[in-house]
Amino acid sequence: MANGSEARAAPAQDLAIVGLTQRYGAVTAISNINLDIKGGELVSLLGPSGCGKTTLLKAIAGFVRQTEGNIVIGGQIVDALPPNRRTVGIVFQNYALFPHMTVAANIAYGLDVRGLNRSEKASRVDEMLALVKMEAFAGRYPRELSGGQQQRIAIARAMAVKPSILLLDEPFSALDKNLRLDMQIEVKRIQRLAGITTILVTHDQEEALSMSDRVAVLSNGSLEQFAPPTEIYDAPSSLFVNTFVGSANVLPGAVVGQDAGEILVRLDAGETVRARRPVNEIGSGARVSVCLRPENIVVTADGSEGLPGFIEMGLPLGATIVHEVRMADGTSLKISTPRADFSPLASGTPIRLKVTALANVFPLA
Amino acid sequence: MTTTGKMEDAIGYPLRLALPLFAFFLVFFAVPLLILVWMSLHSAPDSADVGFSQYVKFLGDEFSMGVLVSTLWVGVEATLLSLLLGFPLAWAFTKSPGWLRSALMLVILMPLLTSVVVRTFAWIVILGRQGIVNETLISLGLINTPLRLLYTEGGLVVALAQVLLPLMVLPLITALSRIDSNLSDASFALGGGHWRTFFKVTVPLSLPGVMAGCLLTYAAAVTAFITQSLVGGGQKLFMPMYIYQQATSLLDWPFAAAISIIFLGAVLTVVWLFNRLGRLSQGFARA
Ligand SMILES: Nc1ncnc2c1ncn2[C@@H]1O[C@H](COP(=O)(O)OP(=O)(O)OP(=O)(O)O)[C@@H](O)[C@H]1O
Ligand SMILES: [Mg+2]
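Heads up: the protein sequence lines correspond to chains A and B, in order. One point on numbering: in the numbering used here, the residue at position 253 of the first sequence is 866, and numbering is uninterrupted. One point on numbering: in the numbering used here, the residue at position 11 of the second sequence is 348, and numbering is uninterrupted.
Just chain A, same shape as in the assembly (with noise of 0.2 Å):
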């Protein structure tokens, strides 16, 4: 359906976000922000409400002029350049369709600018409502449509220029499940196939770490960690990192000793665990969190290996089961266990808990 136009975009672009502050009056919204981002890479922005994820990419896009440092797309310096010369695409996080006018109108508005005839116009339009299966509602207002297709279009608007930067502020929040699924697919595929330097703003982890090339977390403005998926996942840089991308369980320990690459940490509930050796030198005897992720757990209901505990509840997740533990000291954690193994243990049940993988240890704030 959209393959003919895609194969003409023009060649992936650079984007460097250099040392970007951006105040509001007292307010400073992010702070010394650092990404180098590749032509054609996609990259997520992670992280809690309110910690600048929208300014940053208002920044980009040429909305707000930043306080300090600069924005270099194609190793082109553009902060002096105005936000319709910038060939940045955005999709808004409140879709911001023109209200007055039809979708079939919307889609075309960036294509009027750009000084399309009548009939390359049509088609590339066509191409864009297929695109997002949004064929059969081309005549109809922003106000007609759910938030979901709302949020189609937004996205069929600002790919409709062929943007070399496309900015996407939560694009798939107001879709359901299965719907959403086809559109990430859809968007990567789009995005990969044109070479689109893409920057994705999203709440949802399981979308960031599937979609993207590379992951910057920030909290509070600044950036936390900027790494592939995997890496953020196995080997978070910071405490918040730890908890904020998928879940962790935050035990008190003291660094015990070295073994090759790994560090040896004495639980205060008890038992040693391995763990990843941080990329600060911790010394032996420092006190340390240590974060568990609840699949790297097993529960046995016997045996004398291993940490005791007994079982708080059992909840059957889906493809999962959490299981809620509560150890010897009174602290309690979350293990995950895929459900093929295992039927939910009954309130009481005295068990063991075995650590499977590596563990992460920050230093105690």
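Quick caveat, the hints were computed from the structure, so don't treat them as lab data. Hints are not guaranteed to be accurate.
Said to hold, decoys possible - Simulated restraints on C-beta separations: (1) A/P661 <-> B/S439: 27 to 37 Å; (2) B/R353 <-> A/P661: 47 to 57 Å; (3) A/V863 <-> B/F536: 48 to 58 Å; (4) A/P976 <-> B/F536: 20 to 30 Å; (5) B/F562 <-> A/E733: 52 to 62 Å; (6) A/L930 <-> B/F536: 53 to 63 Å; (7) A/R753 <-> B/L370: 42 to 52 Å; (8) B/S439 <-> A/R731: 23 to 33 Å; (9) A/I690 <-> B/F536: 30 to 40 Å; (10) B/H531 <-> A/E681: 20 to 30 Å; (11) B/S439 <-> A/V631: 36 to 46 Å.
Built from N, CA and C at the ideal position, the CB exists for glycine as well.
Could you slot chain B with the ligands onto chain A? The hints should help.
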């Protein structure tokens, strides 16, 4: 809610509460209007004959029709001029930082805080033979003899537009500030320049405010007795003055009543036409 009733459910409060207002309208609006209509049906002030002779007299009289048409037309001119002046002002207001807004709002509201008589006299000072405009032009050597500005239609239109500007600007500000700023950003991001964004996005979305502002301004302009009389200066007759003369100088109450009814009908027709136009802009305000 204690009592029931469809109307009451729909509006959420007992209709009885609206009775005082209803009575007020009845006594001070509906009844006088009916008396006016009844009066206009008399063929002469002291005659008991009832008929449409006053209306026939007005509609068949070239002079009277001329007054009606020029009144309606001055209203159109004044409305267009205040739209032309008011739109940029309202737009600048919505784009201004906080402190400037307060200052602008004071400037916008100032005319409402001053008596219309005072404002109109100010225009006489500005437009007169020895007024500010003429003095300036003469001292700049651009003209030798003072221009005739006062008591012209042009002068009247300018004065009306200024005097009524708040009525245009306030609805415009409301409409403009309701437009989601992401919409103009979306236009920029799609490559639209400032002019395209202004004419394709900002203007269409402000149409409800334009409609409201024009209606208010127009209704006020055609009935602006004081400004019309003082700045128009009796050189040209407009409907409010015409009615006044018939009623108080000539004591021809039936004719004055008929003119009033015709004037009311004409203004309502213009307003209705405006509203029809406004339908086209339905839903534009929704973001
Ligand atoms: N125009 C503005 N004036 C003042 N403060 C602002 C402005 N825009 C954003 N902020 C502040 O900057 C911070 C970052 O806002 P931003 O909209 O970028 O958050 P976000 O990460 O997009 O959040 P969300 O996930 O809820 O959309 C917030 O604290 C917000 O209150
Ligand atoms: Mg946001």
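Structure-based check of all given hints:
Look at A/P661 against B/S439: about 35 Å separates their beta carbons, and that is inside 27 to 37 Å. Between B/R353 and A/P661 the beta carbon distance is about 52 Å. The supplied range of 47 to 57 Å therefore holds. A hinted range of 48 to 58 Å holds for the C-beta pair A/V863 and B/F536, which are about 57 Å apart. A/P976 and B/F536 have their C-beta atoms about 59 Å apart, which leaves the hinted 20 to 30 Å range violated.
Roughly 59 Å separates the CB atoms of B/F562 and A/E733, a value that falls within the hinted 52 to 62 Å. For A/L930 and B/F536, the hinted distance range of 53 to 63 Å is satisfied, since their beta carbons lie about 54 Å from each other. Here the CB-CB span from A/R753 to B/L370 is close to 45 Å, well matched to the stated 42 to 52 Å. Between B/S439 and A/R731 the C-beta distance comes to about 49 Å, which lies outside the given range of 23 to 33 Å.
Between A/I690 and B/F536 the beta carbon distance is about 31 Å. The supplied range of 30 to 40 Å therefore holds. Checked against the hint of 20 to 30 Å, the C-beta distance between B/H531 and A/E681 comes to roughly 26 Å, which is consistent with it. The hint said 36 to 46 Å for the Cβ distance between B/S439 and A/V631, and at roughly 38 Å that hint holds.
Of the hints listed earlier, those the structure fails to meet are numbers 4, 8, in rising order.
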